[in-house]
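Working from the sequences, and respecting the hints, build out all of it.
Protein chains in written order, with numbering that gives the first Met the number 0: chain A, 0 to 242; chain B, 0 to 479; chain C, 0 to 265.
To be clear, the hints were calculated from the coordinates, so they are not data collected in a lab.
Please note that a few of the clues may not be correct.
To be verified - Quick list of in silico lysine to any residue cross-link-like pairs, SDA-like style, CA-CA up to 25 angstroms:
id, chain 1, residue 1, chain 2, residue 2
1, B, K58, A, L29
2, A, K113, B, K202
3, B, K422, C, N52
4, A, K85, B, D304
5, C, K162, B, L34
6, A, K143, B, T287
7, B, K397, C, N52
8, B, K45, C, Q182
9, A, K12, B, K397
10, C, K264, B, D304
11, A, K12, B, L444
12, C, K264, B, K397
13, C, K104, B, D304
14, B, K27, C, T215
15, C, K240, B, T287
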Amino acid sequence: MTQDNAETELMGKLRRATHQAPAEQIASELTSLGRAPVPALPAQELCEAFLINVLKNQGTINCAANRSEAVKAIASYLHERFHTRKLVAGNDPRLAAMPWRDGGVLPRFGAAEKDPALAPTSASLSYARLGVAETGSIVTFTGKSNPAANNLLVEDHIVLLDVADLVANLDDAWQTINSIQDEEGRPRGVNFISGPSSTADIDAQLVMGAHGPRAWHVILMGDIPDAAMANARGYIEKRLDAL
Amino acid sequence: MTAVEEELGSRAFKSNVRASLKETEKVKRRDMLGLFMPMIRDAAVKDFDGFEELRQHVKQIKQHSLDNLHHYLSQFVQEAQNNGNHVHFAQDSSEMNSIVLDICQQHDARRIIKGKSMVTEETHLLPHLEKAGMQVIETDLGEYIIQQAGETPSHIVGPALHKSVDEIRELFLQKHALGERELQGPAEMVAEARTVLREHFLKADVGIIGSNALIAESGYSMLVTNEGNGDLCANLPRVMIICTTMDRVVPRAKDAMSLLRLLVRSATGQPVTCYTSFYTGPRREGDTDGPIETHIVLLDNKRSDILASDYREMLQCIRCAACLNHCPIYIGVGGHAYGSVYMGPMGSVLTPLLTSLEESNALPNACTACGRCAEVCPASIPLPDLLRDLRHDETRAKLSPTRWRLGMKIHAWLLCHPWLYHKSTALGMPVLGWLGRKKGSFKSLLLANGWTDERDFPAPQGRTFMQQYQPDRDENNDAG
Amino acid sequence: MDIQAGNQHSNQATPRFQVALYVTCLVDLFRPSVAFDSIQLLEQAGCKVTVPNLQTCCGQPTYNTGDYESTIPLARQVIAAFEFADYVVVPSGSCAGMICHHYPKLLQDEWHDRALALAAKTFELTTFLADIAKIERAPGQVRQLPTVTYHDSCAGLRELGVKDQPRALLKDLCDLEVSELSQTEVCCGFGGTFCAKMPELSGKMVGDKLDSALATEATILAGGDMGCLMNIAGRAKRLGKVIEVRHIAELLADDLDGPAIGEGKS
Chain A
0 MTQDNAETEL
10 MGKLRRATHQ
20 APAEQIASEL
30 TSLGRAPVPA
40 LPAQELCEAF
50 LINVLKNQGT
60 INCAANRSEA
70 VKAIASYLHE
80 RFHTRKLVAG
90 NDPRLAAMPW
100 RDGGVLPRFG
110 AAEKDPALAP
120 TSASLSYARL
130 GVAETGSIVT
140 FTGKSNPAAN
150 NLLVEDHIVL
160 LDVADLVANL
170 DDAWQTINSI
180 QDEEGRPRGV
190 NFISGPSSTA
200 DIDAQLVMGA
210 HGPRAWHVIL
220 MGDIPDAAMA
230 NARGYIEKRL
240 DAL
Chain B
0 MTAVEEELGS
10 RAFKSNVRAS
20 LKETEKVKRR
30 DMLGLFMPMI
40 RDAAVKDFDG
50 FEELRQHVKQ
60 IKQHSLDNLH
70 HYLSQFVQEA
80 QNNGNHVHFA
90 QDSSEMNSIV
100 LDICQQHDAR
110 RIIKGKSMVT
120 EETHLLPHLE
130 KAGMQVIETD
140 LGEYIIQQAG
150 ETPSHIVGPA
160 LHKSVDEIRE
170 LFLQKHALGE
180 RELQGPAEMV
190 AEARTVLREH
200 FLKADVGIIG
210 SNALIAESGY
220 SMLVTNEGNG
230 DLCANLPRVM
240 IICTTMDRVV
250 PRAKDAMSLL
260 RLLVRSATGQ
270 PVTCYTSFYT
280 GPRREGDTDG
290 PIETHIVLLD
300 NKRSDILASD
310 YREMLQCIRC
320 AACLNHCPIY
330 IGVGGHAYGS
340 VYMGPMGSVL
350 TPLLTSLEES
360 NALPNACTAC
370 GRCAEVCPAS
380 IPLPDLLRDL
390 RHDETRAKLS
400 PTRWRLGMKI
410 HAWLLCHPWL
420 YHKSTALGMP
430 VLGWLGRKKG
440 SFKSLLLANG
450 WTDERDFPAP
460 QGRTFMQQYQ
470 PDRDENNDAG
Chain C
0 MDIQAGNQHS
10 NQATPRFQVA
20 LYVTCLVDLF
30 RPSVAFDSIQ
40 LLEQAGCKVT
50 VPNLQTCCGQ
60 PTYNTGDYES
70 TIPLARQVIA
80 AFEFADYVVV
90 PSGSCAGMIC
100 HHYPKLLQDE
110 WHDRALALAA
120 KTFELTTFLA
130 DIAKIERAPG
140 QVRQLPTVTY
150 HDSCAGLREL
160 GVKDQPRALL
170 KDLCDLEVSE
180 LSQTEVCCGF
190 GGTFCAKMPE
200 LSGKMVGDKL
210 DSALATEATI
220 LAGGDMGCLM
230 NIAGRAKRLG
240 KVIEVRHIAE
250 LLADDLDGPA
260 IGEGKS
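Written out as structure tokens, the structure is:
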């Protein structure tokens, strides 16, 4: 069956099996179904809620008041994890504009190593487009500013997020993404990342670093309430004690 | 069909069941899963106050989508094409396989990597590609394991959950020529799989993935994984092919979010998967990775028939496997016993609809109507009712064994004649009661082999209630 | 155990509820004492009980094997025999569920409406006693009961929400806390014709259920559905395990001297 025939055949069957309502009616029926309920946040304050969920997702966290602090945090992380100053960052102008010298970090602007004969890149840095408190997620758009390889082919994935780009839940996230798309057009891909790569396929036991990063480090930047990080850690400790 | 042929499909399932139950270690494993999976789902559901309300909402969204599938699918196709995707339609499995092979051959592809996709299991895509000389590697760890073992998935979310750590260790030691090593536990095995598969990711020509949702308003396809292998398949090779079915369409991104919130909690007990990704189309100028060509193959394979039938609600399924995890039959016999791509309650409905009742009527009969599946189904599919309706179809098509059908008819006839029924039971029960008075039960009883194979048959007390109550019996329609 | 004795416990001239008892085929044929106990309990709760004689079976066996056509006349028979009553009480979750949920699905037009009307006033026994009649005292002398564990039948649990009621009744009438068995929400493997169609799997399921019950070390396993109870008792007998299996009506009505399900007189 040719493609045209297959499409015609299928669409014909669907037309017969479904309502024949006009588009406006369909749209208004959809709107009348209302809003979906959204899970509650673990804390009232947005930063705290986000940090809690990042920790729950097996991520590690840092808070930085400004870009300089962020670069220092990155430097510290790289040193501790890999005894290096190097990392890979995408061609995001915001990344290029970071005060790298304040931390002595040496970024290579491009994509993570893809040659299987060479050692994989230790760490990459992404500048998230937004963060979602509900799920402890950061969102990147795949493209020149953030190659997919940088999210995936590295040992550690470090992510910067501005507090101003933090939203409460997934629905708010898409509202923001839709606004961005209205301005910038559709990106090649939208990625919600909510933890390091993991799997429980072997005996239902959770293991990090399946194919993607083994570790995921989120640096929240900007005006963050002082208690947010401490409270977030306290929340997690309480949960672990309760288990 | 001869009397012998009539039983063939059922006989295979029944002998599978018998064999499954004899594998003591596997039975113990499944029992553990049957305990553990419901616990984690339960915890996730309790953590989200609005879960039940969201279920109701998603049911309405799904039903609205199916009611208007022509509209939404058309919208999706239009948007997806605008985004630069090639969209293909496959009426059945062999068409999908041909389309995919065609695309691979057009690009001189030799090496193919795949994410987990039940649709590709359904069409038997892998053997088709391998026969044409392609190397196909499953990248989802569970799928990779069973591919190496030469097996089929035993679960639609965790394909290798039937395998013990030791079995997987033996498999890796055998299949990966990496010399002497310990491979102590899951962490080491995952690390090894990571290394082995990394090379495949980096050298592949084509990436094939499935889809969890197709978003009509934007033409995006959503894929969720914890491993990130879906994203690797979608971004590294120069060609990406999404194999999916039309019933995946939802109107808006926010509807996909609602679905996501139910899906992951129901499947793994998480609020969300590590990677929740949306693919728009091929690479842009300046991109350093991304496919140069992207394809979406929309498979029908009876979905349009199901849409027009009384079983339409089955198309609401989001493939979370909650019904499998809570089904005593699935947990009892395991996924392989079903002999089908789809198993558990959802598989017992879908398989007869995708194949035929003649072939698969054993499956809807493997059900006690306990209702646990419907209780946990995030898509609110009335599974026990659909299974019963399939048994109804089976009865009408005279596919069930004659002695059962006839027995039921006689039984029903007698019950519709209360006077005769009461008289005959008043004769029979006291005799049975007297015969069983000392031991209280029978080790064997005429016509009750199925029962007495596994348990004694409790004896009746003697005279029936209606027999005893006779002297004071009220007239019918006595309002007191 | 007869009605006359029951009437003596009836506490007033004008009964609060006019109840028609739906005996169920398994109680009728295998364990009539459960029906007599039910009547006693209902009368204690202030009901006048009648037993329509044109009752045989609710039609579950034919229905669940997919023979809707044979079930329809049975359903109509039940509706016609019982729709006169103010309340219909059933000592079985699955039979009550059949009447309440499945009759309206099965029947069309006028019979569908009559089925809905009947469904609205049909109750499983413990639900009626606990939630509607709000029984306060047991009919007889309450002896000290040994430990009891409880099996929640699937249909009662999921179709009718029967879970707290039997436990509340055991607490209020017998001063007893149920020793809960593990995985109480998992099917016992009876499933009507399932146990005959898939004996090995049904055997495994009832074996697991029996193990859960035995693990509580309770003396008595009680439940609200004869099918489930006969299934579990039969397995216990086959394996030589000692546990007394009884219908909850027997416990509430202090009818514990006769043999338990599957036990002989010796």
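Quick rundown of the hints versus the structure:
{"no.": "1", "hint": "B:K58 / A:L29", "verdict": "holds, 12 angstroms"}
{"no.": "2", "hint": "A:K113 / B:K202", "verdict": "holds, 9 angstroms"}
{"no.": "3", "hint": "B:K422 / C:N52", "verdict": "holds, 12 angstroms"}
{"no.": "4", "hint": "A:K85 / B:D304", "verdict": "violated, 57 angstroms"}
{"no.": "5", "hint": "C:K162 / B:L34", "verdict": "holds, 20 angstroms"}
{"no.": "6", "hint": "A:K143 / B:T287", "verdict": "holds, 7 angstroms"}
{"no.": "7", "hint": "B:K397 / C:N52", "verdict": "violated, 34 angstroms"}
{"no.": "8", "hint": "B:K45 / C:Q182", "verdict": "holds, 18 angstroms"}
{"no.": "9", "hint": "A:K12 / B:K397", "verdict": "violated, 29 angstroms"}
{"no.": "10", "hint": "C:K264 / B:D304", "verdict": "violated, 59 angstroms"}
{"no.": "11", "hint": "A:K12 / B:L444", "verdict": "violated, 53 angstroms"}
{"no.": "12", "hint": "C:K264 / B:K397", "verdict": "violated, 44 angstroms"}
{"no.": "13", "hint": "C:K104 / B:D304", "verdict": "holds, 24 angstroms"}
{"no.": "14", "hint": "B:K27 / C:T215", "verdict": "holds, 21 angstroms"}
{"no.": "15", "hint": "C:K240 / B:T287", "verdict": "violated, 70 angstroms"}
When the structure is compared with the earlier hints, violations turn up for hints 4, 7, 9, 10, 11, 12 and 15 and for no others.
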